[in-house]
Amino acid sequence: MTIEKAMAFRIKELLEEKKMTVEELAFASGESVETINKLLNEEIPLDDMKAFIFAVKECSEEKNLS
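Last residue of the sequence shown: 66 in UniProt numbering, with the numbers rising by one and none dropped.
To be clear, the hints were calculated from the coordinates, so they are not data collected in a lab. A portion of the hints provided could be inaccurate.
Derived SDA-like pairs: lysine to any residue, alpha-carbon spacing no greater than 25 angstroms straight-line [said to hold, decoys possible]:
hint: 1; residue 1: Lys19; residue 2: Glu34
hint: 2; residue 1: Lys12; residue 2: Val22
hint: 3; residue 1: Lys5; residue 2: Glu16
hint: 4; residue 1: Lys5; residue 2: Thr35
My request is simple: use the sequences and hints to build the entire structure.
Here it is in structure tokens:
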């Protein structure tokens, strides 16, 4: 599995688990809705997306606390 496929899978999983919308994830991560959609469609290589990955992790942890 490529990193892109793994990230797309994790985003889908996060959206389902936390009952988040793409818009909520975009806001929490600081990325645009367009970027999130491109990640979901595996259109963006993740080499430069480390900040996004950490933001998703933090968002996931915050949702777990609430």
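Going down the list of hints, with the structure as the test:
Proximity of Lys19 to Glu34 is assessed by CA-CA distance (about 19 angstroms); at most 25 angstroms being required, the pair is judged to hold. Straight-line distance between C-alpha atoms of Lys12 and Val22 comes to about 9 angstroms, which keeps the hinted pair within the 25 angstroms bound. Note on Lys5 and Glu16: the hinted pairing holds, with a Cα-Cα distance of about 17 angstroms set against a maximum of 25 angstroms. In summary, the hint linking Lys5 to Thr35 is supported, as the alpha carbons are separated by about 15 angstroms, within the 25 angstroms threshold.
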